[in-house]
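If you read the sequences in order, they're chains A and B.
For the first sequence, our numbering assigns the number 624 to the last residue and increments by one with no breaks.
For the second sequence, our numbering assigns the number 742 to the last residue and increments by one with no breaks.
Hint data in this document are derived by calculation from the structure and do not stem from the laboratory.
Please note: incorrect hints may appear among the correct ones.
Stated by the list, open to error - Coverage of chain A stretches by chain B, computed from C-beta distances (three or more under 8 Å per stretch; other residues unrestricted):
{"id": "1", "stretch": "376 to 384"}
{"id": "2", "stretch": "489 to 499"}
{"id": "3", "stretch": "505 to 517"}
{"id": "4", "stretch": "541 to 547"}
The structure presented is a predicted model; accordingly, all values stated were derived computationally and were not measured.
Quick reminder that beta carbons are idealized off the backbone N, C-alpha and C, glycines included.
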Amino acid sequence: MDSRRAPRTVIDPKVRQVGFFAPPDRSQSVPLLQNSNSPPSPPLSDLSPSGNSLSPVMIPPPRHLSDLSSRAVPVGFPPNRLLSPLHRFSGESVIPVGSYNPSEFASPSVGDFFEEKNAQSPGPRRSRGVGGSGKFASSLPAGGFELPPEVKPKSLTTVSVVSNLQPNVTEKVGEQSNESQDGRGANSKPLKEKTSKAERRALQEAQRAAKAAAKAEGNAGSGVANSVNTKAGKASKAPVQKKDNVSVAASEKRGGERMTDKDRKKDVPHPRMQFDDTSRVEKAKKRAVVKQTEVRNRVELFRHLPQYEHGTRLPDLEKKFFRLNSVHPAVYKVGLRYLAGDISGGNARCIAMLQAFQESIMEYSPPKEKALNRDLTAKLNSYVSFLIECRPLSISMGNAIKFVKSRIANLPLTLSESEAKTNLLSEINKFINEKIILADKVIVQHAVTKVRDGDVLLTYGSSSAVEMILLHAHELGKKFRVVIVDARPKLEGRLLLRRLLGKGISCTYVHLNGVSYIMSQVTRVFLGASSVLANGTVYSRVGTACVAMVANACGVPVIVCCEAYKFHERVQLDSICCNELGDPDAILKVQGREEINDLKDIANDENLQIPPTSVPVIVREFRKDQILI
Amino acid sequence: MPDTHALVNDFLNQLKKRKIEGSKATAKLTAELLRSVISQQRIPHTNQAGALIQAIKAIGEQLIAANPVEVAVGNIVRRVLHIIREEDLSLTTASIGGLSLHPMSDDEDNVDPDDLSAAAVAAAARSTLRAPSLQTLLEGVPHSAPLHQSSSSAATDKNSRSRKLKHHVIETVNELIRDITTCHELIAEQAVEHIHHNEVILTLGSSGTVIEFLCAAKEKKRSFRVFVAEGAPRYQGHTLAKELVARGLQTTVITDSAVFAMISRVNMVIVGAHAVMANGGVIAPVGLNMVALAAQRHAVPFVVLAGIHKLCPLYPHNPQVLLNELKSPSELLDFGEFSDCMDFGIASASPLLHVVNPAFDYVPPKLVSLFITDTSSPCAKMQPKARYALDCKD
Chain A
-4 MDSRRAPRTV IDPKVRQVGF FAPPDRSQSV PLLQNSNSPP SPPLSDLSPS GNSLSPVMIP
56 PPRHLSDLSS RAVPVGFPPN RLLSPLHRFS GESVIPVGSY NPSEFASPSV GDFFEEKNAQ
116 SPGPRRSRGV GGSGKFASSL PAGGFELPPE VKPKSLTTVS VVSNLQPNVT EKVGEQSNES
176 QDGRGANSKP LKEKTSKAER RALQEAQRAA KAAAKAEGNA GSGVANSVNT KAGKASKAPV
236 QKKDNVSVAA SEKRGGERMT DKDRKKDVPH PRMQFDDTSR VEKAKKRAVV KQTEVRNRVE
296 LFRHLPQYEH GTRLPDLEKK FFRLNSVHPA VYKVGLRYLA GDISGGNARC IAMLQAFQES
356 IMEYSPPKEK ALNRDLTAKL NSYVSFLIEC RPLSISMGNA IKFVKSRIAN LPLTLSESEA
416 KTNLLSEINK FINEKIILAD KVIVQHAVTK VRDGDVLLTY GSSSAVEMIL LHAHELGKKF
476 RVVIVDARPK LEGRLLLRRL LGKGISCTYV HLNGVSYIMS QVTRVFLGAS SVLANGTVYS
536 RVGTACVAMV ANACGVPVIV CCEAYKFHER VQLDSICCNE LGDPDAILKV QGREEINDLK
596 DIANDENLQI PPTSVPVIVR EFRKDQILI
Chain B
349 MPDTHALVND FLNQLKKRKI EGSKATAKLT AELLRSVISQ QRIPHTNQAG ALIQAIKAIG
409 EQLIAANPVE VAVGNIVRRV LHIIREEDLS LTTASIGGLS LHPMSDDEDN VDPDDLSAAA
469 VAAAARSTLR APSLQTLLEG VPHSAPLHQS SSSAATDKNS RSRKLKHHVI ETVNELIRDI
529 TTCHELIAEQ AVEHIHHNEV ILTLGSSGTV IEFLCAAKEK KRSFRVFVAE GAPRYQGHTL
589 AKELVARGLQ TTVITDSAVF AMISRVNMVI VGAHAVMANG GVIAPVGLNM VALAAQRHAV
649 PFVVLAGIHK LCPLYPHNPQ VLLNELKSPS ELLDFGEFSD CMDFGIASAS PLLHVVNPAF
709 DYVPPKLVSL FITDTSSPCA KMQPKARYAL DCKD
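All chains, full assembly: derive it from the sequences and hints.
Given below as structure tokens:
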């Protein structure tokens, strides 16, 4: 794809360094971090920015690269992550972890509402800075890589086969399949259904042959380890639909990426890919850009979920940064940040992704003979599949992607390229503003009425919506106490605790096990959600259900705060059928205390359900057009 | 006497500083301590049992005051007192039996009133020692029968009786210690009745009883898997899992937050307890209330394993506070991390940040399906309401 773009000027290596190497003071802290394994690497709070002005009593927390934003890497993660150059990005690209910083979007009505949370890096935000780095990164493949010459022939062969079957399809067939069994990239055309099995098999064979050829060449071409499959995967980017099928279907969001054509039956959620089927898993792995290693021991209960080990591919991916020309660098970066766990939380991830898309749209120019919207959709699909491989999509991201795709499809064809692009960019901005920022504002305004003086509010983990409510209520002058319940392995509550303490809210910090003890003192429980499903079930961080259940048992009202764009029409009965598995090692390593373990089987859940009976009230914005598009 | 004082003080210090881990260890040490106290105690010739009882009571009060949360101490003290009374009674009845050849002769008129009264006293006392049953209630025997030394006992028997009393008491206390030590086996014997094939069991934290229970089932070739919730902030679940894996059980470690997610796929929850109160409520390691609520919601049986030394006759009033301990907050939050936040306070000069780290949880009796203990009596398994039937008196 990138090879079709106009070649960019090769930028001076000096400029390149700016994007990739940390400013000098940061790099000095890195060796500090290497030596210290056990002490946690806490974020610096806004209150002691320089780190030199510590009173003698205080133990200076070890600084690390993510210090720039007040939201930082959750402390539970192993320090070796921090050595990656990825984290030097965080200096310029300030996407806050755990709670997004809405002031980034500079909408005046909102700007006065939200405070500037980040004292460290004012002003220049990630968007333009990254654009610069993005440019030269993509220039590199133009200069003498062995990959691009390989891409072309393969894509040509596959295109030739594909075009026989589906003349309307460009070689960037991306997209959506509703059925995972159906290997043919579902195009929005009903032609797809008419594709017979024999034809599909022929196509498959051709693609396999293409891949085998690519593999052979890949072996000869480079000596990079384990790159054979990935190269083949990248080389056969054209039949990207297969990968999309498999990996899209594998994500949490169901019926996720919609057809651009609304004629398709859009209300029937298709069955997601079940990972028990080893043949399908093998196929998926071969196409994967992100090569994830298998978990050592698979827990039987979760065999239907993607079994991945997070974070182990980070150094590998970073090496490939310059050579991964099929994915836009901004998207690549966002994907890596997901992988590393830098960005977490539905809103933050969604906004980061949308901004990356904005970047890529800005720099995108369609090839001469291709229509803008289809080509762009195809490219977007490839980005999405890459992001999925880094980390399964959250429901908020899924809905946002749906939105973007529908906007692309609805672009009037008479628009010129630049007009179309500006249109899209403004649409995405509007989405972010309306659905996320303003939505949060409405939620907060409504929810603060539920906070009275003398309240003891309990919250679980770190939710951006709840945090905003608490901060706003505090600004309004209400007197209340907050109880933050935290749980392993993420221990996100600590970040929220730090932020609230910085604002002067009196907090109590409890572990999840102690919630029954503290619940007798609590008057209200505020919870955030990753999504609310069609039967009223709340889908949220693992452990939320425990909190809601104990609150219910003690008769404490539970209030769930969720923006409407996160609502989803699927249904889920319990937490096992659809979930995201986390890193088993995160359970093994108890940060700060060395527990030696050689455990046989480890299970790890990311998200968890709250059954509808425990949540009596849903606070969301009131809008007429709820579910978008 | 100086020996016992030193021993007692030693033990008191250990209790106060919470050096002893676990109710079983505490119970055993208490029993041993009381045994040595009894053996060292010089008792007068008259009212021996009374003297012993006084001595034990005094020490017992000190012990209980040292660590009120550790109810096993009080349980053992009460049991030792009970043993003393029991032994004394049995000796009394034996001596009475020896004195009067026909305690219940056909000829009612010739019966010695002393013997009758002594026999009646003995019978009454015996019945108070037994579990209250319909028969005893209908007999109308007063429960609080005073224990008198029978004045008709021969003086010559006194010395031998005194030695015998101590001897018997110490023997019985030894039995008690043995019971405490082997409570796991007795409980584990019942494992086969509860764990069958292809079961999934959930537990939280670590308990020796649970380990033995599960391993006993495994030895009987029952196939099952175990989910172990790690039980932060002590993370004892990790050690339990390691132990189980060493014994060949398929184990999965989950975080406490995942308990609700996993419990829908679980057949049974088996946990150990710290103490079982008189109403059937359970003082358990922190986090088990949550597990019990989740189990109730998913209709999963919640089984509590408790040795007999954990059964306490007290009623829990406000157990979350009174029978709970708050441990160090450093287990939750590293002080160094948040030291910069600690400097700030609000106008009322109280610190902004509180960290709460309770050690125990109270599980109300309605959440518990079954108790399994190691009594040798036929009612080895009890429902919470039937707890009242246990004889464990002051």
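> Checked against the structure, which of the hints given earlier come out wrong?
Replying inline: Structure breaks hint 1 only.
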